[in-house]
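Chain by chain, the residues:
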Amino acid sequence: MSGAPPPSGSDRDDRDLLPGQAAPATPGAAETVEDAIEAQAGRSARGKAASDALRALAHTARSFVLYDAGNERIRGFLQEVRDRVEHFLRTYGELVVEVRPWELAVDGEVVYSEPDRERSLAFRLYRDGVRRLTFHPELDWSELVTLVGIMSIRYKGIRTQEDDIVTLLWRAGFSGIEMAAVEGLVASEEDATRDDTENPRDPFGPQNAAQAAIFAAPYAFDYPWPTFAERAVVELRPLAPGLLERIAREDGPESLPADCLRLARELAAALADRDDPLALADVTATLREVRDYLVGEERFDTLVEVVRAVAAGAAASGARPEPLLAACVDADTLKRFIASIPADVAEAPPALLELASLVPGDLLTPLLDLFEAADGRPAPAVLQLLAVQARGQAPRLLGRLRQASGPVALGLFRLLAQVDGAAAAGAAAELLGRGAADLQLDVVAFCERTPYGPKIGRALVVALESESAAVRARALAVLVRQRERRAFEPLLERLKRGTGSGFAETEAPALGEALARLDPERAMELFREWAKPPGLLGRIVPGQTMFRWAAASGLAALPGPESEELLERLARGASEELRRHAEAALARARRGAGKPHA
Amino acid sequence: MPDAIEAAQQRLAHLLAQARAEEDRELAIAVREQGAQVAHLLNGLLRMARTHALNNTAFDDPVREFGAALFRLQDLLGPVSLQCVEKHIYVNDLRLRFDKILEPSISLGDDLKKHGVGGITFNEPLSGDEIRALIRLVYAPPTSDQPRAELLAALAAAGMRSLQLHPVFRYRISGEDYLAPSLEFADVYRSGAVAIATVFAAVSAGRLPSPLPVRRVIQQLIDASRGRDAVAEAVAADPSLPPFARHTMMVTMLSLLIGRGAGLADASLADLGVAAAFHDLGLRVGGPGASVPFARHTRSGLPVLLRQRGFHRAKLRRLLAVSEHGRDATDRGGVPSLYARVIRIADDYDILTRPRAGRGPIVSTPDAIARMAAQGGKAYDPLLLQVFVNLIGRFPPGAVLRLADGHVVLSVSSVRSPQTFAGPLCRVLQRPDGVAPAQAAFLDLAAGTAKVVKVHLPTA
Chain A
346 MSGAPPPSGS
356 DRDDRDLLPG
366 QAAPATPGAA
376 ETVEDAIEAQ
386 AGRSARGKAA
396 SDALRALAHT
406 ARSFVLYDAG
416 NERIRGFLQE
426 VRDRVEHFLR
436 TYGELVVEVR
446 PWELAVDGEV
456 VYSEPDRERS
466 LAFRLYRDGV
476 RRLTFHPELD
486 WSELVTLVGI
496 MSIRYKGIRT
506 QEDDIVTLLW
516 RAGFSGIEMA
526 AVEGLVASEE
536 DATRDDTENP
546 RDPFGPQNAA
556 QAAIFAAPYA
566 FDYPWPTFAE
576 RAVVELRPLA
586 PGLLERIARE
596 DGPESLPADC
606 LRLARELAAA
616 LADRDDPLAL
626 ADVTATLREV
636 RDYLVGEERF
646 DTLVEVVRAV
656 AAGAAASGAR
666 PEPLLAACVD
676 ADTLKRFIAS
686 IPADVAEAPP
696 ALLELASLVP
706 GDLLTPLLDL
716 FEAADGRPAP
726 AVLQLLAVQA
736 RGQAPRLLGR
746 LRQASGPVAL
756 GLFRLLAQVD
766 GAAAAGAAAE
776 LLGRGAADLQ
786 LDVVAFCERT
796 PYGPKIGRAL
806 VVALESESAA
816 VRARALAVLV
826 RQRERRAFEP
836 LLERLKRGTG
846 SGFAETEAPA
856 LGEALARLDP
866 ERAMELFREW
876 AKPPGLLGRI
886 VPGQTMFRWA
896 AASGLAALPG
906 PESEELLERL
916 ARGASEELRR
926 HAEAALARAR
936 RGAGKPHA
Chain B
72 MPDAIEAAQQ
82 RLAHLLAQAR
92 AEEDRELAIA
102 VREQGAQVAH
112 LLNGLLRMAR
122 THALNNTAFD
132 DPVREFGAAL
142 FRLQDLLGPV
152 SLQCVEKHIY
162 VNDLRLRFDK
172 ILEPSISLGD
182 DLKKHGVGGI
192 TFNEPLSGDE
202 IRALIRLVYA
212 PPTSDQPRAE
222 LLAALAAAGM
232 RSLQLHPVFR
242 YRISGEDYLA
252 PSLEFADVYR
262 SGAVAIATVF
272 AAVSAGRLPS
282 PLPVRRVIQQ
292 LIDASRGRDA
302 VAEAVAADPS
312 LPPFARHTMM
322 VTMLSLLIGR
332 GAGLADASLA
342 DLGVAAAFHD
352 LGLRVGGPGA
362 SVPFARHTRS
372 GLPVLLRQRG
382 FHRAKLRRLL
392 AVSEHGRDAT
402 DRGGVPSLYA
412 RVIRIADDYD
422 ILTRPRAGRG
432 PIVSTPDAIA
442 RMAAQGGKAY
452 DPLLLQVFVN
462 LIGRFPPGAV
472 LRLADGHVVL
482 SVSSVRSPQT
492 FAGPLCRVLQ
502 RPDGVAPAQA
512 AFLDLAAGTA
522 KVVKVHLPTA
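Sequences listed follow chains A and B, in order.
Using our numbering, the first residue of the first sequence is number 346, and each one after it goes up by one.
Using our numbering, the first residue of the second sequence is number 72, and each one after it goes up by one.
Careful: at least some of the hints might be erroneous.
Mimicking SDA-like on lysine to any residue, the simulated pairs with C-alpha atoms at most 25 angstroms apart in a straight line are [as the list claims (entries may be wrong)]: (1) B:LYS522 - B:ASP504; (2) A:LYS800 - A:ALA781; (3) B:LYS158 - B:ARG168; (4) B:LYS184 - A:ARG462; (5) B:LYS158 - A:ALA781; (6) B:LYS449 - A:GLU595; (7) B:LYS449 - A:ARG462; (8) A:LYS680 - B:ALA84; (9) B:LYS449 - B:VAL434; (10) B:LYS158 - B:PRO212.
Everything labelled a hint here was simulated from the structure, so no lab data went into it.
Could you put together the complete structure from these sequences and hints?
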C-alpha cells in the first residue's frame, strides 16, 4: 500500500482516554456528536495508532449507511483508512486485534470502544463469532478494501441466506488478514458444567427434535447403480495447466451469465414437467433475480436468450407467457439497456428491439418518460423503440403532446406524424393554433408533405393566424399551391386585420397574390375597390395602404387590360415605395405571367 | 483511469450492490416482525401472570394471538428457536429489535433465566391450553436445584414434549477454542451429519433449508482437509456417521477433492461443497416415509430450493447442480454445469462402492474406477474424471487386494504422489500364512515390489 503519511493519532486528541470516554468534538475530528463517543482509545503510541486505524475502519464501514460509495466523503474516509492502517503496519508491524463484545484490544490494551451496539464494530464482529483479526504487514490495499466492504455490508444490515460475516471473511481468501472465529453462542459456564455432568451432549448427535427425527428415521441405501460393463485401464495422466484453465473459466464470474441462461432453460423445462411442475411464483421470482443480475452486468445479449428460452418453455408447457416474460424483462430493464448504449451508436441493437417486443404491458409510458427526460432529444434507440411502441397509440401521444412544449412537443409531433399521419393531420390545426414557432413550422412542413385534404387545409388556414411570419408565409404558399378556396375569406380577414411593423412590406403582397390565385373573380372585385384613389383618410390609415400593396401584387397575377389599368392607377397616387411596387407589378402583368411572390 | 481510491469506491459500490441482490429482504423482515410479535406476546403473557389468574378471561386474546403468531412463524421457519442472549433476543439466529420505549419492559430473559433457561425451541404449534400451561410453569418459581430439568419434566407432563429448553446463553468469550484449521478432520467430518440433518429436516417439512450451517461445515472441511489424504480419512470416518449422512458427506468430500484437484479457489470449493451436500435433497421431499422415484429426485428438489430469494452465484450453481447432476456429460440437452459434472462423478463413485444392507458394495473401488474410466467423455467429463483418477489412484481407499506374496490388504490411502498412483498404503488384513495380524500392520505398496494379483469385492 502507499499513501501520504497520516497525521499522528494525537492530531485528533492528545489526551489519553479511557474506553468510552468522550473525546472533544474538535472540528473535522468527528462526523457527528455521536462519533465523539467512539473516541480514540489506547495509551501507548502503538495503541493510539491502532486505535486510529480501527476507528477509521469502523467509521468508513459505517459511513456507507449514509453515503453512496461514490460520495466524496467516502473517498476521504477510504484515504484515511489506507493511511492509518498503513502507518500502523509500517511503524509497528503486525496488528493483532482481539475482539471483545464492546471493545477491540491489542495486546490487552483497549484501542477501540463503542457502547452503542448499532455503531460498534466490535459488537458486529463479536456477534457473528469473530474473535481475532490479524493484519499482516504485507496486507495490500485491495484486501483492505474488501474488508471495508464486508464490514459495510454488516453495517447496512444486509443479511443473506448464504453468508454471515465469518463465511464472508473466509470466502474473501485474504492473505494479509487472518481471522479466528467461534460459533457465536455457548451455554453459560456454570450451566454448561452442570448440564454436562447431568446429560453430556454429543456434539455429533442431534441437537433438536427435528434433527433427532432424521437421525432416528430408518434408512437404507438403495440407490440404483450405474450399469457400466465396459472397463478402461486406469492410468495416471498428468494434466497440463492449460487444460485446467477451461475449468477455471467455467468457474469464474464470466460464466455466470451462461449459468443464468442454463437455469432459465431448466426452469422453463420444469414448468412443463407433469410430475413435478414448478410454481409459477417461484419461477418468476428466480427469473427476476436472474434478470436483475444480467441487467446489472449489462449482459443484455444473454438476457435475450433467457427471454427466448422462457418464451419457448411457456409455449411448450401451455403456461401463460405474460407473467414469465414480465419477470424477465420490464421497463426498467429497457431503460438500463438504453442507458448502456454508447451515445455514438445510431441504431438500436437488435437485442433491445427484441426485448422490447417481448415486454408484456405498457412500454410507451416509460419510453415517453425517457423521451421527455432527454428534452425531446433521446438516444436514437429510444426513437426507434417509440416508433414501434407508439403505433396505434395516437391518443396517448396526443395527450402527452398537449402537455408538452419546446423540443419535447416538437419531437412528439414528429413521432406522431411518423406513426399515424392521419392523427397528426387531425392534431395539426390545434398545434398551429397554440404551439411555438418551431413546432408550427414543423407542422406546416408536415402539412406540405402530407396528401392535401380538408384537415390539412384547415390547419394551414389556422396557421395564417400564427404570430410567426415564417409560419404564415409557408402556410400561405401551400394554400395557394393547393388552390384552397376556403382560405380566401381567412386570408382576407387576415389582410384586413394585418397591422404592425413590416406587415405591408412582407405579407400584404403575398396575401394579395394568394387571393388572386385562389379566387380570381372575387379578388378582382376587391382589387378594383382597393385601387381606387384613396381619400384623405385612406392616405393615413395603414390598412388602406396595405390593401393597395396587396392589390398591386394580386393584379400582377391576373394579367389583362383591366389589371394593367388598375395598376397604373395604383402607381399614380401612391407613395414612392408603393409606386415602385405597382410599377414592378405592372411590368409583370404586361409580360403576361405574374410570377408568384417569393 | 481511476486512481486507487476511486477504483476502491467503484469496487465497494459493486460489492454492496451484489450483497443487496443476494439478500432475502422479505424473509428477514418477516422473521423480525413475526419473531418480535411472538417474543413480545410471550413476554406480555408472563407479565400478566404476575397480576392475573391464568383462568382469567383477560388471557383469552393474548393466548390466542400468541398461538397464531407462533403458528405463522413455524409455517415460515419450521422449528422456532427463541434465544435470550445477554440483553438480546434472537429468533432462529436473527436478532430482534424492539422499540426503544418497549425494550425496558422485555423481561423474558429474566423470566426464563430463573429456570436456568436461555431459550426455547417450539417444534410444534401449541394449543391454547398448552400455552396457558407454559405460562403457568414458567411463571412458577423453581423448587429444585435443577430448575431446567424440573421445568422440562413439567412441560412434558403437560403434554408439551415438543418443546426444547436450552441453557442460558452467552457469547463465547475471547480465549476459548477457535474454530481453527487445527480441528481434527474426523471431527469436522462427523459434525457434518448435524448440518445435513438440519437440511433434511427442513426439506422433509417442505421448508427451505438454510445453506449457512452447511457452508460453515464445508469451510471447516476445506480447511481441515488441506494437505491431508482427505478421501482416506473420510472413508475411515464414514462408519462413525449416522447412515443417513454417509452418502451425502462422502459425495461432498469427493466433490471437494475433484474441485481442489481441478484448481478451484477455496470460495468456489465451498459453493461446490454446499451444492454437493444438497444434491439429493429431492429424495427428502415429502418427509420420512414419502417416496420420490430416484429418476425424479433431481427435479423434485427444485421447488424447495427455489424459495431461497436473492441472487447469489452459489445458489445459482447449486440449483443447476441439483437439477443436472444426474445427466451425462454428453446429454442432448447440453453439457451439464461444472458443479453438476463434478458431483456426478463423486455421486456415481459412492453409489458403486458404498456397502448396501446385507451385502457389500456393488463393485470394488478399483473396479468402480475402471468402469468409470471407460465412461470418460460419455457419462462423465473426461477432464474432471482424469482429475479424480489422478487423485484417487488405481486402488482407491477401501480396495481389498491380494498380493502376489499372499498378503491380503486393505487400501487406506489415495494417491500421495505420482509414484504412488498404483501403490497405496495398505493395512494388512491377512498375512501370507492366512492369519490376521495381531496388531495393525501396514504395507506401502509403492515402497516395495508387492504386486496386486487380485482385487476382492468386499462383503457385508
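Taking the hints in turn, this is what the structure says about them:
1. B:LYS522 - B:ASP504: Status holds; Cα separation ~17 angstroms.
2. A:LYS800 - A:ALA781: holds, 20 angstroms
3. B:LYS158 - B:ARG168: holds, 11 angstroms
4. B:LYS184 - A:ARG462: holds, 23 angstroms
5. B:LYS158 - A:ALA781: Answer violated: LYS158 of chain B to ALA781 of chain A is near 69 angstroms, above 25 angstroms.
6. B:LYS449 - A:GLU595: Satisfied, since the Cα-Cα distance of roughly 19 angstroms is no more than 25 angstroms.
7. B:LYS449 - A:ARG462: The hint is violated at about 57 angstroms.
8. A:LYS680 - B:ALA84: holds, 20 angstroms
9. B:LYS449 - B:VAL434: Satisfied, since the Cα-Cα distance of roughly 20 angstroms is no more than 25 angstroms.
10. B:LYS158 - B:PRO212: Given pair LYS158 of chain B, PRO212 of chain B holds - Cα atoms ~21 angstroms apart, limit 25 angstroms.
The structure fails hints 5, 7 (numbered hints given earlier, in ascending order).
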